[in-house]
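J.: Each protein sequence line maps, in turn, to chains A and B.
One point on numbering: in our numbering, the residue at position 438 of the first sequence is 438, and numbering is uninterrupted.
One point on numbering: in our numbering, the residue at position 36 of the second sequence is 780, and numbering is uninterrupted.
You may find that some hints are simply not true.
Simulated pairs of lysine to any residue, SDA-like, Cα-Cα distance not exceeding 20 Å [what the hints assert, rightly or not]:
| no. | chain 1 | residue 1 | chain 2 | residue 2 |
| --- | --- | --- | --- | --- |
| 1 | A | K613 | B | G780 |
| 2 | A | K613 | B | Q781 |
| 3 | B | K798 | A | D658 |
| 4 | A | K203 | B | N812 |
| 5 | A | K500 | A | M516 |
| 6 | A | K468 | A | I14 |
| 7 | A | K497 | A | E474 |
Hints listed in this document are in silico derivations from the structure and should not be mistaken for laboratory results.
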Amino acid sequence: MWTGPGCHNGCGVIYYHKDNEVVGIEGDVNNPINQGRLCMRCINYLESTNHPDRLKWPLKRIGERGENKWERISWDEAYDIIVEKVRDIQKNYGPESIVAMEGTGRNIVWQVNYLCYSAFQSPNFTLGFLSGDSCYMPRAAVEGVTNGDFFLVDCSQQFEDRYENPEWRAPEYILIWGSNPLPANADGFFGHWIVDLMQRGSKLIVVDPKLTWLASKAEYWLRIRPGSDAALAMAFLNIVITEDLYDHDFVGKWTNGFDALAERVKEWTPERASSICWVDKDTLIHAARAFGNAECAAIHWGVAVDMSVPGVATAQSLNSLVAITGNMDVPGGNILVQYAYGQGLAYNYGFENVPEEVAVKRLGNEYPLRQMGFGANAHEDAVLEAIESGKPYPIKMLWLQTTNPIANMAGEAPRVYAAMKKVDFCVVVDLYMTPTAVAFADIVLPAAMSSERWGNRNWYTPLRTITKVAEYYEAKSDEDIILELGKRLQPEFFPWKDNKDWYDWIMLNEAFESGMTFDELQEKVYSFPKFEYKKYEKGLLRPDGEPGFNTYTGKLELKIELYEKWGLDPLPWYQEPRESPYSTPELFEEYPFVMTTGNRAYEFFHSEHRQLKLNREFHPDPIMDINTEAAAKLGITEGDWVWIENRKGRFKQRARLDEFMDPRVIRAEHGWWFPEKEAAEPSLFGVFDSNCNNLTSMCDNGPTGYGAPYKNQIAKVYKCTEENSQIMPSTQVTRLGGFPYVKK
Amino acid sequence: MSKNNERYALLINYEFCTGCHSCETACKVENNLTHGQWGIKVAQDGPRKLENGKFEFIHVPIPTSLCNLCEDRVNKGKLPSCVQHCQAAVMSFGPVEELAEKISKPQMVIFTPV
Ligand code: SF4
Ligand code: SF4
Ligand code: SF4
Numbered sequence: 001m002w003t004g005p006g007c008h009n010g011c012g013v014i015y016y017h018k019d020n021e022v023v024g025i026e027g028d029v030n031n032p033i034n035q036g037r038l039c040m041r042c043i044n045y046l047e048s049t050n051h052p053d054r055l056k057w058p059l060k061r062i063g064e065r066g067e068n069k070w071e072r073i074s075w076d077e078a079y080d081i082i083v084e085k086v087r088d089i090q091k092n093y094g095p096e097s098i099v100a101m102e103g104t105g106r107n108i109v110w111q112v113n114y115l116c117y118s119a120f121q122s123p124n125f126t127l128g129f130l131s132g133d134s135c136y137m138p139r140a141a142v143e144g145v146t147n148g149d150f151f152l153v154d155c156s157q158q159f160e161d162r163y164e165n166p167e168w169r170a171p172e173y174i175l176i177w178g179s180n181p182l183p184a185n186a187d188g189f190f191g192h193w194i195v196d197l198m199q200r201g202s203k204l205i206v207v208d209p210k211l212t213w214l215a216s217k218a219e220y221w222l223r224i225r226p227g228s229d230a231a232l233a234m235a236f237l238n239i240v241i242t243e244d245l246y247d248h249d250f251v252g253k254w255t256n257g258f259d260a261l262a263e264r265v266k267e268w269t270p271e272r273a274s275s276i277c278w279v280d281k282d283t284l285i286h287a288a289r290a291f292g293n294a295e296c297a298a299i300h301w302g303v304a305v306d307m308s309v310p311g312v313a314t315a316q317s318l319n320s321l322v323a324i325t326g327n328m329d330v331p332g333g334n335i336l337v338q339y340a341y342g343q344g345l346a347y348n349y350g351f352e353n354v355p356e357e358v359a360v361k362r363l364g365n366e367y368p369l370r371q372m373g374f375g376a377n378a379h380e381d382a383v384l385e386a387i388e389s390g391k392p393y394p395i396k397m398l399w400l401q402t403t404n405p406i407a408n409m410a411g412e413a414p415r416v417y418a419a420m421k422k423v424d425f426c427v428v429v430d431l432y433m434t435p436t437a438v439a440f441a442d443i444v445l446p447a448a449m450s451s452e453r454w455g456n457r458n459w460y461t462p463l464r465t466i467t468k469v470a471e472y473y474e475a476k477s478d479e480d481i482i483l484e485l486g487k488r489l490q491p492e493f494f495p496w497k498d499n500k501d502w503y504d505w506i507m508l509n510e511a512f513e514s515g516m517t518f519d520e521l522q523e524k525v526y527s528f529p530k531f532e533y534k535k536y537e538k539g540l541l542r543p544d545g546e547p548g549f550n551t552y553t554g555k556l557e558l559k560i561e562l563y564e565k566w567g568l569d570p571l572p573w574y575q576e577p578r579e580s581p582y583s584t585p586e587l588f589e590e591y592p593f594v595m596t597t598g599n600r601a602y603e604f605f606h607s608e609h610r611q612l613k614l615n616r617e618f619h620p621d622p623i624m625d626i627n628t629e630a631a632a633k634l635g636i637t638e639g640d641w642v643w644i645e646n647r648k649g650r651f652k653q654r655a656r657l658d659e660f661m662d663p664r665v666i667r668a669e670h671g672w673w674f675p676e677k678e679a680a681e682p683s684l685f686g687v688f689d690s691n692c693n694n695l696t697s698m699c700d701n702g703p704t705g706y707g708a709p710y711k712n713q714i715a716k717v718y719k720c721t722e723e724n725s726q727i728m729p730s731t732q733v734t735r736l737g738g739f740p741y742v743k744k
Numbered sequence: 745m746s747k748n749n750e751r752y753a754l755l756i757n758y759e760f761c762t763g764c765h766s767c768e769t770a771c772k773v774e775n776n777l778t779h780g781q782w783g784i785k786v787a788q789d790g791p792r793k794l795e796n797g798k799f800e801f802i803h804v805p806i807p808t809s810l811c812n813l814c815e816d817r818v819n820k821g822k823l824p825s826c827v828q829h830c831q832a833a834v835m836s837f838g839p840v841e842e843l844a845e846k847i848s849k850p851q852m853v854i855f856t857p858v
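This is chain A alone, in the form it adopts within the complex:
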């Protein structure tokens, strides 16, 4: 079976259970994905399922918002309250005034949107205030228009016999860009596959501001200035093109717009990129040559690609780099992956159930990529603006399922906090009482964990099941909650009996090509669809069965024709962050560090796991990285609590000194709150005290609507003293109206 206490992967685990309770867990050695291996989050799964803080039954707020006073109610009562509110809002304001949000993990990718579209009848499903959809969506949108499919490093994950498969070979080089895959395990990718490949001879090129373990083992480490990725990626293209290291055959036969691309990247000489990106010029040249000369090479990219205003341009450049070097869908390159058996339910699942006249009111509908269905969700920045201004219509209800925005996902968290307080009605579905639930919720519903629900995983391959072996008080699976509420609101769209029945329906009816029932798949545990390399040669990518790619022109688009039609730049471009050493040099004197955020840790998945004693033993406090000498100049020593501040706000973390950080760059963790602290405001579990999103911004996106500067703010650092710590950020935000220096 598959689990994930809150994670994107799909490692096989074996549960031991007794009387509806899980009593043991270990990795499944027969599972080809992880072969028994687990990260510490799954190994310590029991502490999270049986934790005394877990939500046990539905709760209704009885005090003021933020007071943390609740009354236990029944599921029926909870549904009745919600149905009445929904009906009232639909009637008086229109269904579009209801916004449903989700975060990530807990195997939810299509459920909350289905609820939003089919039960609430609102087009406004969105990610918990994730500015510019800056997690995989920019990359996915680019891949949608350029290749028509996603790519992943060929780690043999598509074959049941894995590294033994005779067709497979290890990439000569893996270019790891803006990701630390070992703790991250993002996007259906088991990070330690990279180590498997290193053991089989792959060499690394790593683009990362931090000397991670992988970077230290790399043949080339490019210590990039956060936010300048698009420039560096274009320099890679320029070197590969001018030094004639590209695959003429592939470019000629299968791509579109090569000359235009070559012309565009010409200005990105190694010299220019080196000075803008703070990367050593020779390292850059040698790394690009190594990638271009390799017989096979692959790119593993991370969320840093998305988290800048030109995020889509970075993604476009890297995608083009894989293509022109002839590494698309070949052994040891980047494989084009499809959802197992075509079962690609995603954010558009159920959108057709929204009445047409309401669908056009989706917030952010003006962005063409959205209209075309590359990401059906509403634009979270536009949602924020609608809440703040009441325009184009007011937002009256928030449904938050598996998301804890103010701890984690929302850029400019204090601003989002103030906005969310204004919404009339708010429901939170989660595992624990989160800062978000305490601050805003009227109703809190307890969700089941993976051992307590049926499910499957199709991201990407093989298709595998999640098996229910336990129950926990009155917690319900996300699907059951949605189903029961849906039946009360729009029964025609919710014909299924329960969680499992829904999956059975999906497996047999929703674009599912294998003909297996849920039970049949469960018997097998997982199932690998047939995989072939070079699908574009064989007519396996296009619905019409013709060779080529599933794109507008049928070619892999180095110049995106559709963008041109939509009035967008069809080629990659670069733009300095709004505040940076070069765009605002005077401000940089006052805030002399570029701050990157969101680095991953083995102990946690985003804002989860902070209440687990074992995980906190390894990682008790939030940590920021700073260059050793830069710290010395500021009188900061290892382990000191420091304030990190810019014009938007400040937060504190413990300093970790690192002689290999660029002295102009700092790196902070995200997702921190402190379940051990007081829940009620002004403390709110200390959610703003160490929150890097006090410094980020909303509504600073690229022309496609995608991309936001989460990883490239500027800031200053100073030591925490008793004197400067009189008013903690949580009090500042919840009681004093926010940081005084915020300029709107």
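Given the coordinates of chain A, assemble chain B with the ligands onto it according to the supplied hints.
T.: Okay, now just chain B with the ligands, sitting in the frame of chain A:
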């Protein structure tokens, strides 16, 4: 910990140990160890720069006196928990003699905690 009077041990290929803490966690959960107690502990050297411009960044997991080589698991025919869960697949378990034969490359070490 002996079958047929053989001594059993852990072999670590520490060139590829990433410091992911899975072995430490697996041992703590398996043996129900309290806060501050470890059956295996990962030691770290580096990162530091070498004269040749490369970096040294090494982790080595060290079994402590609390390690019983997962006697219960092994008797049930399973791998020790740390070995099974090691994310980099750098740990092996077996008789010392057999493991010694596997020492085929630099940066390997054999521990005989019991
Ligand atoms: S990556 Fe970690 S948390 Fe996620 S499924 Fe695998 S072992 Fe579990
Ligand atoms: S073999 Fe030793 S170190 Fe490893 S899990 Fe078992 S007791 Fe712990
Ligand atoms: S589990 Fe393996 S890779 Fe991770 S720290 Fe232990 S020995 Fe190293």
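J.: What's the verdict on K468 of chain A and I14 of chain A, does the C-alpha distance respect the 20 Å limit or exceed it?
T.: 12 Å, holds
J.: Compare the distance between the alpha carbons of K497 of chain A and E474 of chain A with 20 Å, and conclude whether the hinted pair is satisfied.
T.: Status holds; Cα separation ~18 Å.
J.: Check whether the Cα positions of K798 of chain B and D658 of chain A lie no farther apart than 20 Å.
T.: With Cα atoms ~16 Å apart, K798 of chain B and D658 of chain A stay inside 20 Å; holds.
J.: Taking 20 Å as the top limit, are the C-alpha atoms of K500 of chain A and M516 of chain A close enough?
T.: Between K500 of chain A and M516 of chain A the Cα gap is close to 14 Å, so the pair holds against 20 Å.
J.: So if I understand the rule, the pair passes when the alpha-carbon distance is 20 Å or less; does K613 of chain A with G780 of chain B pass?
T.: It holds: about 11 Å lies between the C-alpha atoms, which stays within 20 Å.
J.: Keeping to a limit of 20 Å between CA atoms, is the pair of K203 of chain A and N812 of chain B held or broken?
T.: 37 Å, violated
J.: Are the Cα atoms of K613 of chain A and Q781 of chain B separated by 20 Å or less?
T.: 13 Å, holds
Checked against the numbered hints above, the structure breaks only hint 4 and satisfies the rest.
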